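Going line by line, the protein sequences match chains H and X.
Numbering follows our numbering, with no gaps: position 364 of the first sequence is 1142.
Numbering follows our numbering, with no gaps: position 650 of the second sequence is 1428.
Watch out, some of these pointers could steer you wrong.
No copy labels: a pair is met if it fits in one copy or bridges any two.
Within a straight-line C-alpha distance of at most 35 Å, the following computed DSBU-like cross-link-like pairs (lysine-lysine) qualify [as the list claims (entries may be wrong)]:
#1 LYS1313 - LYS1351
#2 LYS1316 - LYS1527
#3 LYS1353 - LYS1313
#4 LYS1353 - LYS1177
Note that these hints are calculated values from the structure, not bench results.
Just so we're clear, the structure is a prediction, and the values are computed from it rather than from any experiment.
Chain by chain, the residues:
There are 2 protein chains.
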Amino acid sequence: MQTDIKLVRNENYDPKELNLHETLFCNANGYIGIRGTLEEGVPKDFPTMRGQYLAGAYETIPMKQAESLCNLVEEKQTMLNICDTQTICLTVCKEEFMPAAGGVIDSERILDMECGYTERVTHWKSASGKEIKVRIRRMAHFGMKELFTIEYEVEALNFSGEAVFDSIHDAEVANFSDPDDPRLADASPCYLKVAEQGFSGSASYSVSRAENSGVKIAAVTEHVLDPSSGSGCMMREENGRLITRLRVPVRQNEKITVIKYAAFSDSIREKDPKAKAMSVLKEAKNRPIEELYDEQKKYLSKFFERSLMTIEGDNELEDAVRFNMYEMLCAAPHDDRSGIAAKGLSGEGYEGHFFWDTEMYVVPFFLLTEPSLAKNILSFRYATLPEARENAALLGHKKGALYPWRTITGRECSGYFPSGSAAYHINGAIAYAVIQYYLTTYDEDFLLEKGLEILIETARLWLDTGVYDRQGRFCIHEVTGPDEYTCMVNNNYYTNASAKHNLSFAASLFEKFRNDERAVRLADRISVTDDEIGKMKKAAEHMYLPYDSDYGINPQDDSFLEKPVWDLAATPKEKFPLLLHYHPLHLYRYQVCKQADTVLAHFLFPSLETKETMEKSFRYYEKITTHDSSLSTCVFSMTASMLGLKDEALSYFGDSAKLDLMNRHENTKDGVHTANMGGCYMAIVNGFAGLRITEDGLSIDPYVPEGLKSYSFPFSYRGRNLRLTVEKDTAVLELIEGEALEFSAGGKKVELGKEKQWKWKL
Amino acid sequence: MQTDIKLVRNENYDPKELNLHETLFCNANGYIGIRGTLEEGVPKDFPTMRGQYLAGAYETIPMKQAESLCNLVEEKQTMLNICDTQTICLTVCKEEFMPAAGGVIDSERILDMECGYTERVTHWKSASGKEIKVRIRRMAHFGMKELFTIEYEVEALNFSGEAVFDSIHDAEVANFSDPDDPRLADASPCYLKVAEQGFSGSASYSVSRAENSGVKIAAVTEHVLDPSSGSGCMMREENGRLITRLRVPVRQNEKITVIKYAAFSDSIREKDPKAKAMSVLKEAKNRPIEELYDEQKKYLSKFFERSLMTIEGDNELEDAVRFNMYEMLCAAPHDDRSGIAAKGLSGEGYEGHFFWDTEMYVVPFFLLTEPSLAKNILSFRYATLPEARENAALLGHKKGALYPWRTITGRECSGYFPSGSAAYHINGAIAYAVIQYYLTTYDEDFLLEKGLEILIETARLWLDTGVYDRQGRFCIHEVTGPDEYTCMVNNNYYTNASAKHNLSFAASLFEKFRNDERAVRLADRISVTDDEIGKMKKAAEHMYLPYDSDYGINPQDDSFLEKPVWDLAATPKEKFPLLLHYHPLHLYRYQVCKQADTVLAHFLFPSLETKETMEKSFRYYEKITTHDSSLSTCVFSMTASMLGLKDEALSYFGDSAKLDLMNRHENTKDGVHTANMGGCYMAIVNGFAGLRITEDGLSIDPYVPEGLKSYSFPFSYRGRNLRLTVEKDTAVLELIEGEALEFSAGGKKVELGKEKQWKWKL
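This is chain H alone, in the form it adopts within the complex (with noise of 0.2 Å):
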């Protein structure tokens, strides 16, 4: 395995930067997050968003419409910050450790990602000239999903004296709520309320409720103190906070280490949180931290071998790439009870809602590093299907569920449905996810048990929304693409596209299994009849794709280009994004998109169009296109790599790899942007190794863009595991494990098995 995959940074305390670390420095692994803020807090007037979240937790708040309409969402939800089980307040010799308010000689972060945690070392002197060397270590652990864990490690330099650890468990904690937006200010933020708390025996707990949802949280914390000789330990309760006091003598040169645990639980899925974390922290104190530590180690060299891409030729690429692989694991989830929010667990952004880029940005990489995980997320979508039948029927369907573009529970949270609701093609999204993930791994079970009830509940959404125009062509009127910045318009190419494909899968792969009992018992138990599947297949047959012959590229939509184009020349650069800046009715009116729309479809589709058809919109479309969405240069460069436009794949991939880490966007404080992250890998191998899965199979078409020497990575394949590597000239597939195989290499069939690589020219 390769090692030293290390983010590091120097941490000089600056308050422009700590929000930042907080993201950066976040302990997540799918189930709790924890923003890396300092356990000593920070003074007043610092930035800081200390948040605790637990994957789908979620309070219901009201969502009053200005004017009320029928069917329209009136409440959504949004996720918890639980509590504060990470403040530990060290004082030496009754001086305060607060290296944030001086005093620093010297201090690092690191996250150790091989090793899946986080430290933070600090060398600090007192203002008396007491000088300590801090070691914070800190991990989410990936495999007891319920424990966090805090190792502080304080060494006295030139004194001897007495440390005291004041140990915060606080459960009454608001959800973050920027003094800056008005909107915020007035909204009591503070959402969870102790039910009960107190201490039993030498550990912490609490049980807080969320008012509406009825969620409960369970949070236990517990020390453990090397040495222990010495030492003292009072608990109290203190305005509503739970502090265990630890006296402990310090000599010089000496360490002195204390291990807070804590565990969470939460209501969606124990029916005894409390009982629960409990069990999980006595599990975990009574194993050495070095073997939860060598666990997660474990955890995570199984991970990266299934994943750890190589970039030869840019350094800080490659360190961004890994970076974002190990974000998308922390914010995949370990059960079908959440998905993926938009910012992982890393912050409250979008309010921790699960959207469509989910399936289609992040799936991708779990499909072909751990499926597994791919399969939680599309089996969340499974468990809220009924929610989604729910939903279409609440916007006047009679058949078919309609996914909401944004949820934790299910349940959709739109306020303004012209950009939520109505764009539908989240349903194509999470059908093209399914396909894929069918097409991946050819797991049937998965396919019978959950995908194809999902496939014919999204496609008949399609046949209940479209209508035959005059021409005969199926029609999709009143939906919104993924471009934002045009809303409710008819025959939207993209939705159109994904809901032909949603269509056609759902047919084929319904009739291929039709004699499964398992597909039996589905037809049965939602009535699917050979005359539903024959219209589903006629819909997808003769879906209407716009074509416009005077510019020889497909319209967004049927008046698209009707519209005068946006001149986005003679706009001010603090005009954007746009749609802070103008009114939404006014950017409707222009040409102009907020992200790839058509240029996706493209992608995902290329067989519905020609390649000069393709290139054509391709090269329309991004003199329109803001990219004010983070979702949008990466699919601009894989479809540049799919269509040979090297320099443009080059040049959109760009930098936004490193978005999060680089800080690019100036907002990475507010959480990761978890789709990018996918996307980037996307635009690496879809676009650049041009590796695709379809109904006919594996195909590779690589090139190595410029400035790069290789790159190379390891995927899986329906059981198989694999590793390609691209240089300039060559390409190579080689067999890990697995039965032989066929795939496309560079257009060619050919057969890799009896050789355990295939090498070819490029």
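We have chain H already, so just place chain X on it with the hints.
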């Protein structure tokens, strides 16, 4: 003059009817509106909307958007319930007069439209058997707009004793809140807070202030007793209310009378509203009440002389039309500080907002009867042109003015812009009214001082909104026409037609008066250039008016006919109005109309299409229109008249004229449907009588619909007073006053002047 224009109703104090009577017996004069609630109040649990309103008096309240987007409206205005000065509690020999709780022998309510007051006469017997006759006459004075009087007469029929009047002045009242509407449940609608109140001599006074808008309302009351001998008067403040207690000896078979004068003023119109109200009160009190009644009667006599319609063959219809005329007069503003609210001054429905229907449905009535009132309405629009310019800028326009869809102050109050701000056709309606005002009155002063600026600024908005398509057609995208069941469409036929009219007249009237010094100043002030006028003419000429050759009709918009037709026959009755039962996105996906849209365009702009196209369109749209709006059937009726479809004209006319008088929609309790009243007038005058005023002058092409014998009405036209009388076989136009004129009688140009009447065969 015709006599006996009265509405007389038995008053049985049935709670089901009481709030209907509050609307029907409302006293209003265009400034004050005081619902016909009972002076003594009603028992608990009786429904009531106890309201007193002043035209244009408003509070600003927050209207948070569920999802904040750029420049969305986040606050709105709402009309104020200003105070309660109508309460008078009577006790006779310690027994409380509360007829709604029982004891009524006989009671009647009267709206005397010739006299301009309402009366309630009640013969009542107390629990102990004392009988009294109470006659209460109320008047909102047309001459002294700030004045409201209650003349309260009591006659002891079978006893002598003492009457005590507790007359209340309560300046801190709440707006109406429907306890069944959960949206209002937590809102405290008591917007006005008392700034000062007390007694001054024998008068009570209050000044209250709306916190956000700063609008101040002054109210003063004072009492006059007859006979005053032996009576006592005590004033006190109790629970924030000002109470004047009058003790009066009563003797059997003698009458005692209390007159309560109330005067109101507001800070929108007056620097010192309290002083103004005081001075009005003083002036009124110094004159005998009979003199005030006489003045009122004279005012109305003049009004009916210019407007009173006679209909032979349907007395009920005649009554209803007269009631409607009176109600429109009561709603008409006396200055440029307000428009006409959807419910006039008779209730709080639609929050007292002014919409496009004022100009499109109500102004036509005043144009032909009392053009000065039409001028007030249009002057309000002129006064709020700055706000309309700001509104246009908020929506991204570089030039022009966009009138708000709903407003009190001129600022937009729509919470849902797709069927609010996007209804750009309000600009067309206001421009149409300005043009019709000019064509009907030839009032050049108004045109050059106000109207032309409105025309140019609204025309500019079309220029800034529209764009030439590839065929060189001027197209208008993303607007909403009158039919709100389809929103944000391209090339709404109605909108484009009204924009064409607006552009064309803005250019032609500017050119006509370009040498007038006021037009020169205007051009200079708002920078009108020849180039711009040229662009207006070109856009008008090339305006795209969608036509579908398959159907031979004008489609409502570009994509309307591509959508499936809503199955109205299969829609259960309880699902109407559709907008209360279906998500808007669902409605938008069908061919289904809430109200006349293209059909209204055909009526307004008949020269744009052939009769065949208009008739086919009429037939097409009538099948898919639900008439969920009270503005719809009157338009179908007038268009049917225009097309010679007499049966349809009669059938659509139906009894919509009687909508309020007969409470056909069962919601007149919330206030009258002012625009429908105007629409019914139009259905007779512009529909049955085929009266049109265009740049070619006056034309009349009348018929008498089945079931009527004849009808006759006066009207004014370019300084002349005329009367049209239509019988089955003949029509007569009389010139009552003014110069000779040419007009078109049934398609034939004739001159009326030498002979004072022109009679022609039908």
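Results for each hint:
Proximity of LYS1313 to LYS1351 under the C-alpha cut-off of 35 Å is restricted to the inter-copy arrangement: shortest distance 31 Å between copies versus 49 Å within a copy. Taking CA atoms no more than 35 Å apart as the test, LYS1316 paired with LYS1527 passes inside one copy only; the shortest distance there is 32 Å, against 62 Å between copies. For a Cα distance limit of 35 Å, the shortest separation of LYS1353 from LYS1313 across copies, 29 Å, qualifies, whereas the shortest one inside one copy, 47 Å, does not. For the identical chains of this complex, LYS1353 and LYS1177 are inter-copy neighbours only, at 19 Å across copies versus 42 Å inside a copy, given an alpha-carbon limit of 35 Å.
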